[in-house]
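Undergrad: These protein sequence lines are chains A and B, in that order. All residue numbers for the first sequence refer to the numbering used here, where the first residue is 1 and numbers rise by one. All residue numbers for the second sequence refer to the numbering used here, where the first residue is 1 and numbers rise by one.
These aren't lab readings, by the way, just hints derived from the structure by calculation. Fair warning: there could be bad hints in the mix.
[Claimed, not checked] Simulated restraints, written as ranges between beta carbons of each label pair:
1. Asp277/B / Gly191/A: 57 to 67 Å
2. Val242/A / Phe12/B: 32 to 42 Å
3. Ile188/A / Glu244/B: 42 to 52 Å
4. Gly179/B / Ile253/A: 39 to 49 Å
5. Gly191/A / Phe12/B: 29 to 39 Å
[Said to hold, decoys possible] Partial pick of chain B residues on the chain A-facing surface, computed with a CB cut under 7 Å:
6. Phe12
7. Leu50
8. Leu52
9. Ile53
10. Ile72
11. Leu75
12. Tyr80
13. Pro82
14. Ser83
15. Met86
16. Lys102
17. Leu251
In this text, all values refer to a predicted model and were calculated from it rather than measured experimentally. The beta-carbon is built from N, C-alpha and C at its ideal position, and this holds for glycine as well.
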Amino acid sequence: MSIFFHELKRGQKSLLVWSCAIAFMLGICVLIYPEMKTQMDGISTMFAEMGSFSEAFGMDRINFGTFIGFFGVECGNILGLGGALFAATLGISSLAKEEKEHTAEFLLTHPVSREKVLAEKLLAVFAQIVVLNMVSVLVTVLSALAIGESADVKTMSLLFLSYFIMQIEISAVTFGISAFLRGNGLGIGLGIAVLLYFLNIISNLTENVKFLKYITPFGYTEGADIISNGAIEMPYLAAGIVFTAAGIAIAFIQYRKKDIS
Amino acid sequence: MKAIETNQLTKFYGKSRGITNVNLSVEEGDFFGFIGPNGAGKSTTIRTLLGLIFPTSGSAAVLGKSISQNRIEILSQVGYLPSEAMFYSGMRVRDILSYSAKLHQRDCKEEAGKLCERLELDISRRVDELSLGNRKKVGIVCALQHKPKLYILDEPTSGLDPLMQKEFYELLTERNQEGATVFLSSHVLSEISRYCKHAAVIRDGKILASDSVEKLGHTGVKRVTLQSAERVPEIPDAKNITVENGSVSFLYSGSPKQLLTSLADLSFEDFTVTDPDLEEVFMHYYVKEEN
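Pulled out of the complex, with its shape left as it was, chain B reads as follows (with noise of 0.2 Å):
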């Protein structure tokens, strides 16, 4: 069963694109993120799938069940974190803790106080006096507290210092090995290559690229740098060009032979061709093709 499943899964807010022809596959047990620019329709997919918006067109499935016929029992095994968690104001932290575990009709104290001790939250704090990264501290102890099978996080980390970042992070590796599907979507690329096994790329409300992490490092792209170079060769594959102190620096694509066809009459002190990071990788989807 897969955890996540869309099938050309389409929203449009009356003329303006949220997203267009969406296909996501999660499979259960997975760390998968979800990764592109702010408005790329990142939020929207979420949202669609969790019953707040309803497609256009297309179709979805979480847990194997159907967002439009079974919303109620797909929503009983996620957890879900918002990117700006928003509460009750005038609610104490407790309350709002409380009321999240009602609603799930589920006791979930123990795990609670285990989950604020960690992420270091004071429940006694009325919420409208909580600071951003204390308000997605309640957040993660709600879409955390009732154990559910599947998390969908929307951009988690952002408002948390470095040091709790890490604590969150460990908390969803630990939930992820006793069998629960994680779904995150991030701006924050080394988040993705650091925790995730699987993500896909999203941009203009449409999927560019989704496979493994390590795949999608491997794009066929070198880093070509020359140093102390004359000119800037004339490549024709060579994208992202960039001179600096001399050096010149630029992404190819193209065949190796081609390169040192190219590069034959040009003189230049030293030169290094690298694998890219995945973090360039990722700015490689992220920028706009100019043509």
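This is chain A alone, in the form it adopts within the complex (with noise of 0.2 Å):
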């Protein structure tokens, strides 16, 4: 396992700081709830006005007025897109930094297999993924009882497991897509999951093209649809988890016959 704690321990600054980052601005979204809930009904008013924006977030399928629904549509953006931005560079980079910092040909002169590396390293990328989020929870569930605030456990549960699969989901999905890069892949990474939380976004306006839920994991992060179905979306789930198992699958065959330049 010397692969994946010195993978934990190169990338231990960037958790810190991402995990301190989405975990303030978590704590800050719910801290701010009471003083919203007073002034609610003007809230509510303008986003009916708002039309196909409020349609956009999914904020015209739930009830704002109620903790569980201002969180999983304004705290819930901030750990899905946040988390998804975290997921990719941390899936994007794994492999393709060593390349770039030419630092792959002293690991793979070593007697290690190339499986070996990419398991590691995967696994330490997962690892990360599972500490953001529990410093996620934590934070939220703290701020929730700073302002007396209580939601069901079931529905938050639910919330916050769909966001960590859908950030798996990202991360194994530009690791897969690493394997084929020589030189830094960070663009390309951030570009990617911010590309598919729009996807979602545009999914959301128009019924015809319903289908790009399917291709985003945002698609079955949907606060409105978890809390109004008190589920995650399966057939979306599903879709998502395929593309886990193909961006690994696809990472696996690819690694294990590319030339180290």
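Join the two chains into one complex using the hints; note that each chain is given alone, in its own frame.
TA: Structure (structure tokens):
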């Protein structure tokens, strides 16, 4: 497990910064809820009048006046988009960074198989995503307790679970892509995460492109769906699991035969 | 058992040439030099042997094991020094050394300590603060600390000062005497002629010659110098003709009789015929024939 621990050590600063940033914003978001609640009448009318803007974020379908409704849309976006960007940077750079900094030559001339390198690196990526999400859950619970709000545990757990699976999917897909890269793919990784986020927003706006929800993992993290159905949308989730498996499989197939320059 | 044996080893990067039909044979216990100009295919050969890149065709075995089947076993017995050693930025020398040892699943602390002392390497420094030469030293310790059976060194002395080069070759000679095989690539000819027992010359991806360093030096080619010659003689087998201060010098590979006949009607003050030094022989391989 030397590579796994080496990877965690290399990533600890970045993990600390991302966790703090996302947890801080989540915490702030929860803490402003009491203030928002007092103005909720005005806000609800405002959102009602905004039409497609509300639809884009699923705000037409959930009750903004409840804590879980507020959390599912407002705070969810922070962990959703922030976590997606973090997962993408991890996934895309895990392998590509070694080649960009020419350390792949160092690593792969040691008696370790490429499969072992891949497995331990992927495991390290997942572990860092787990940590980020645990910190996020902890900060959310603590700040909810601080403002004296409570929410249905099952629904909250489903929200967090969906964000977590989404980040795993994005990291696996970008990991698969990075097996083809020679240099730094950070731009590609972040681009993919943002693109997937906007695909979901577009699919919320018009029924014609509903199929996009099968492509983007944000399809199954939609707070409005989870809160109103009390469940994660299974067809979208299934598609996500297929993409995750495909990303990992492609990484193994490609990296096994890759020329390291 | 051969330490390295390649059979028609060929590597193309897309359409561009890496190496073509390379046949190398390095005996166990040898001190082998691999010589060639930049871009000749030295690194390509080495990287293929280490499994960093995959051959287009042909095969190779290192320490009796196929490079396509037994990469891990091979690498556990090999110490590799890349021509440009790069390490994880921000890490200290001691962490790099211990990470390398961990990847080898061995405890190399004692050996690493000795090596760092001899090479005067400060293990508390961060690798990104190191000069080229000091980074090279980190690479050397990584390649030597686990006491492998085979050393594969790609341009090992670039960046090292002359004292360190000497120390480094002493280390290699010790390891060689203990039974290890040394395979090093270089374009510094004097190094090869001084330390290596056997050598191979590579150019444009092809092996031109492979033999003992002594035999490579005795190619039947003579260097002929004519002092104060009236003109440049017309000799069919003369190559590499230079004219300097009135004296004419050239490499000659024909028969002695023909040389004397050709020189008979030429007036000059004095002349010498010598074996060219090894460096000159290698230069002869290096320089592309004009036709």
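Undergrad: Each hint should be assessed against the structure and marked as holding or not.
TA: Results of checking the hints against the structure:
1. As the Cβ distance of Asp277/B to Gly191/A is approximately 59 Å, the hint placing it in 57 to 67 Å holds.
2. The supplied range of 32 to 42 Å is met by Val242/A and Phe12/B, whose beta-carbon atoms lie about 36 Å from each other.
3. As the Cβ distance of Ile188/A to Glu244/B is approximately 59 Å, the hint placing it in 42 to 52 Å is violated.
4. Between Gly179/B and Ile253/A the beta carbons are some 40 Å apart, a value that agrees with the proposed interval 39 to 49 Å.
5. For the pair Gly191/A and Phe12/B, the supplied restraint of 29 to 39 Å holds, since their beta-carbon distance comes to about 33 Å.
6. Residue-level restraint check for Phe12/B is violated (minimum Cβ-Cβ distance to chain A is 11 Å; threshold 7 Å).
7. Given the 7 Å rule on beta carbons, the hint for Leu50/B holds: about 5 Å separates it from the nearest Cβ of chain A.
8. At a threshold of 7 Å, the smallest CB-CB gap from Leu52/B to chain A is about 4 Å, leaving the interface hint in force.
9. Satisfaction of the interface hint for Ile53/B is found here, the shortest Cβ-Cβ separation to chain A being roughly 4 Å, below the 7 Å cut-off.
10. Using the Cβ-Cβ criterion of 7 Å, the hint placing Ile72/B at the interface with chain A is satisfied: the shortest such distance is roughly 5 Å.
11. Below 7 Å, beta-carbon pairs count as interface contacts, and Leu75/B has one with chain A at about 4 Å; its hint therefore holds.
12. Interface restraint check: Tyr80/B against chain A, minimum CB-CB distance 5 Å, threshold 7 Å, status holds.
13. The interface hint given for Pro82/B holds, since its Cβ lies 5 Å from the closest Cβ of chain A, which is under the 7 Å cut-off.
14. At a threshold of 7 Å, the smallest CB-CB gap from Ser83/B to chain A is about 10 Å, leaving the interface hint violated.
15. A hinted interface residue such as Met86/B counts as satisfied when its beta carbon comes closer than 7 Å to some beta carbon of chain A; here the least separation is about 4 Å, so the hint holds.
16. The beta carbon of Lys102/B is positioned within 7 Å of a beta carbon in chain A (closest approach about 4 Å), and the interface hint is therefore held.
17. Violation of the interface hint for Leu251/B is found here, the shortest Cβ-Cβ separation to chain A being roughly 38 Å, above the 7 Å cut-off.
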